[in-house]
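Peer 1: Protein chains in written order, with the numbering used here: chain A, 1 to 296; chain B, 1 to 424.
Be aware that a few hints might be false.
[Stated by the list, open to error] Derived pair list, reagent style DSBU-like, types lysine-lysine, alpha-carbon separation capped at 30 Å:
hint	chain 1	residue 1	chain 2	residue 2
1	B	K73	A	K226
2	B	K355	B	K331
3	A	K48	B	K213
4	B	K257	B	K278
5	B	K150	B	K257
6	B	K145	B	K53
7	B	K73	A	K48
Calculated from the structure, these hints are not laboratory results. Keep in mind the model is a prediction, meaning the values are calculated, not measured.
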Amino acid sequence: MNRSHDPVWRFLAPSVLFVATFSLYPIIDSFRLSFYRMILTLPWLGQKFVGWQNYQDLLGDPVALQSLLTSLTFVAVTTPIEVLLGLAMAVVLNESFRGRGWLRAVMLVPWAIPTVVASQMWRFIFNDRYGLFNFIWFGDATDRYWAPLAEPGLALLSIMVADIWKTSSFAALIILAGLQAIPRELYEAASIDGAGAWQKFRHITFPLVKPALLLALLFRTIDALKVFDLVFVMTQGGPADTTNVLQFYGYKKSFAEGMIGYGSTIAVAVFSLSLIFSLVYIRLLGARLLGREKPA
Amino acid sequence: MRMKVPWVMLFFGLLVSQAAAQTQLRFVSWRSEAPAVWEQLIAGFEASHPQVKVVREVGPHSSTEFHDLVTQKLRNRDPQMDVFFMDVIWPGEFAAAGWALPLDEFFSTNRQKEFLRAPIEANRYDGRIFGVPLFVDAGMLYFRKDLLAKYQRPPPRTWPELVDSAKLILAQERDPYLTGYSAQFKQYEGLICNMMEFIMGNGAALWDEQQLKSALASGQATQAVRFVRDQIIRTISHRGVLAYQEPESLALFTQGKALFHRNWPYAWEVANDPQRSKVAGRVGVMPLPSFPGHKSVATLGGWQLGISRFSRHPRLAWQFVDYMTSHEAQKQIALATGRGPARAALYRDAEVLAKHPHFSARYETFVLAEPRPRTPVYLPLSNIMQRYFSSAIAIADSNIDQLARVASRDMDRVLDLLRERPRP
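Chain B with its partners taken away, still in its complex shape (with noise of 0.2 Å):
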């Protein structure tokens, strides 16, 4: 037993000294598509800042549950974490609960230009930014080009017209397996993605952010609903995709057997694998369809990094994220993994164009994507509207009017905690 005490002692002096010459930074993230080039990236800050030593921890890729790893840590108030991804519709929240580390200080207006606009502006509360932009997501329709040229039907502009397709060609087709429609109808935050695309498709909203009120029960809101699950769901989908996240309507879709999908842009890179996917080089892309007269909507999203509030060292913090956001490190990451980049200028280089020659025809849909609500009470919002929209569609006589008066209702209680802060 005396034996082990002098054994303890170098132990801990190791553990000290090794402290004292390195800096651990605690990074938190989901595990990438292509997890070799995030290796190579955090080993070349690590290289060029010999006394920092970057120690990640991966966590789960859903957002819900990534959220309540972060928060677990933050409400905390853990020190041991410093750098962080953030969902898009994250930051008000973050920054509202005093969470998130207001970056002004680094991170200059006219860096900020560099940047995509919408993503930015995701990022901004109460005049202050909160994250940096490391990639954006918008929604986008994938169709199956060897089908519709099968039966000279155009790619879809409208809804009406892409019902009307998927109505034809399934009745010619005769495939059981095959479904017109693959998308994210489950009850989750997904939801709210695919319903605000048809509802700003109709020139419609989900709620008034002056006023402070939902805009759910508005007449065009409802009609896009009612479409929905009288056209969608009832028509040219099976009930299957009221259970469905990105990876099973993706899955669908890659088996050959969905006609059209609404995905985020990393679905392009699988579809078109012949690896993971029986239908590469018969994906077409496009812009969502709208409803006629009005214009085509894709939510915002992607992701951020952000930088604890706690962190003991939120100056080499800042350097870490200022390397991952950097030109060339979003390079890196945009050619290995097709995630869409959030600096503008990668989307006219000629590499990366070479490689994903869509992302040209992707720019106009991320410059023009739209943000979820943008308040630090998104989250019991998007859980009224998950549960609205989910009865809404998954129940064939649901009484979608009344249904929306009580979540409006619901929602604008929720938005009168916000008429109670103190003016400054």
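In isolation and in its complexed conformation, chain A is listed as follows (with noise of 0.2 Å):
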């Protein structure tokens, strides 16, 4: 049969297209971008091919290489916590209890709001005068009032804390999918062999849950890779450019300095890091969670 008019490719066209247009194409056209100087402010310099000066560039700007470690940082402390705490709120709402239905809507409120808002709230939490994380801590004792988003030692903690009261949840749903595809008579029969509440997580629910918890770790790492509007709303990158996180770097060039190849250039390293780390975790998660896809 000649494949063109196979129904099949009459069904997928759109969102071919789609992914084509809206995802394929941007992504080729910063890759051709970051080997030219493009200035928008400068039109006279016009569209020059530089080829690899752009990266070598990167590899010689002290600021990016201090928003990689920053990056990095972030990525390193957030998405363990996240995958660890939604563990936690998973195993509690896979349990069968009154309010159930109702905690795990509540569970869910913090990554609904969008992180705009979410992030103006921290704000004022962290706010140094009136802000609720220090009056919970220091009460009455103004005088000890901590200043979080103004100190360099203190705004990236803040906004990991942010970044792990909104994200946790959403790994908690994953990683709930994950329980619930546990078929329940596994636990009927480690039961009647004895065992106990720690040996049948230990020994059932850790081993089956893992593919979900992988997959929640992939996803949180890769957020938290490109983590740009917590950064925008509660600190513009600052003090001593502490929270200058990569993404960030990357759209004042492109944004606001009108430095498009460059801009291009760092978009293309946070997609590369991206890709770096989810070939790695797919090649952990194994060919198990893959090839269960396969028709047998």
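Assembly of the complex is requested from the two constituent chains, each provided in isolation within its own frame, with the hints serving as guidance.
Peer 2: Given below as structure tokens:
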């Protein structure tokens, strides 16, 4: 049968077209632009092909390296905490108890709030004068109040706290789905064999939920690597550049400064990092998860 | 289903006839403090130009975010946008990029003379004019008259005097909420405005406009930065100011929790409004201090109206800009908002002076206000300087000389791009 007459392609065409237009084309164009020097506010420089120059500049740019370090620190701290908290939440929510449906809905609230709104809220919480954080911690001792967003040593930590609050429930959601796929019979059998709660978790729940855990870790890592809105609203990269994550630096170069070529190079760097992380995780996830999709 | 077709046709028919009858002018601005006056002025324009409908698009108040919005439209050559607000630091960039329409054809040199000189200069690039000043801003010092009187301290003329008064009053008042100096020290555009006032008030500069070189590493410039770190941040302010923009720093002052406060002229109205301020009537305002032996410097701020190069109705757009920046319109806006008008004559207008008696004293500050570097690469320079200033003052043992050298080198590298420009 002629492939082009296969109706499958006709059904696929809209989504292929959509992905090609809104994902594939921008990615390819970013790659192309990263080999040019193009500065919007200096049109007389034109669009000059500079080969690997932008990449060399990036490697020798101390601000970019600092930003990379900030981004990696952010990923290394937030993702394990988010996945562990998500696991704890998912295990609780997988039990049956009164008000479970209600609690599941409540748990998702932080994730459902738009990030910009949540960031603004955390900015208020961390305010040095009327913020809830200071009030809870120090009460009336106002002379001891902290200004977390003003301290080079605390600003990044504050953003991490906001991110953990915001996205742990997303990890919980994925892990909960994994938990629900575990057959009840296994637990029943274990009970008959006299296994306790910890043994059930250790020998049934954990091994079977591992793919979901890794999946949550993968999603969170990629998202954390691309963190932007929290920084944009809470600190604008400051103080002393301590929260200038790579994605925010790229945004400033491309959108504020109009340095399209160099900004694209940073975007490509973030993309490549995400890709590397994804490949590593997918290897870890193993053929088991992917293999299950194949027809027997 | 069939029945719908005539309706659709009718709808499009109406749309087309509407479009033929009326020209739409899209005006992108942020929301004014006195929206009613703006609505009224725009209605007045529409009444005198019945064929024109002004469509407003309201953007974010923050300069950086507003820049994102407007440049997004300009780089996409959006013909929808006709007239837009322009921060005083953008005309160079918008002119060089070919985004703003040169207005010389409409805005003659004689008419330019009706406006204050500093904002007109800020709108000029390569000998042509790219915007019409709407209102001007300049940094000013606000202070608590009552507290200075209580301790018999005069309004400070120099920065060391300000620090001494603050130290004395903070020690006597013993109020843990009270801070000596509230200003904008967050890492953002406002930080440049604040630091430039210290640096130029010490006889130094941010850059050398002739040589296209950074001037941040000069001894007098680093001395001023060191003063901010050691005498302001570490001594009389609390650390929170390192995260403050205008609203937070003003809130502290209007709550009666700051002795001195640096802000733009709009703060006068807010600080003296009993509805919004606990210190109404107890506020003094004066030019910013300088360092001994140097003159006081205020950073020039303010907003302009620009016309998009991609507008389909440049002539109508100009009529609108001309109307909004007319003597009468500027007077209405000045009366309602207290922002400094850009037309010189309004500083001698009896009605304006009756409402805002302090305007006559402000005239001098506005005339002498210093612009930030006028160059198409201002934003890259600003980001380098923001990083430098924030690192220098937020870290207690920062190596200021070293940081200044790095920032200068980075600035010079950006400024070198300008040398590649072919000379006409």
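Peer 1: It remains to establish, for every hint, whether it holds in the given structure.
Peer 2: Hints and how they fare:
The suggested pairing of K73/B with K226/A holds, with an alpha-carbon distance near 25 Å, which does not exceed 30 Å. Of the supplied pair hints, the one linking K355/B and K331/B holds, its CA atoms being roughly 11 Å apart against a limit of 30 Å. Restraint check for K48/A and K213/B: satisfied, since their Cα atoms lie roughly 25 Å apart, inside the 30 Å limit. Proposed proximity of K257/B and K278/B is supported: the alpha carbons are some 10 Å apart, at most 30 Å.
Taking the CA atoms of K150/B and K257/B, the gap is about 16 Å. The hint holds against a cut of 30 Å. Proposed proximity of K145/B and K53/B is contradicted: the alpha carbons are some 48 Å apart, above 30 Å. Straight-line distance between C-alpha atoms of K73/B and K48/A comes to about 24 Å, which keeps the hinted pair within the 30 Å bound.
Of the numbered hints given earlier, the model fails hint 6 alone.
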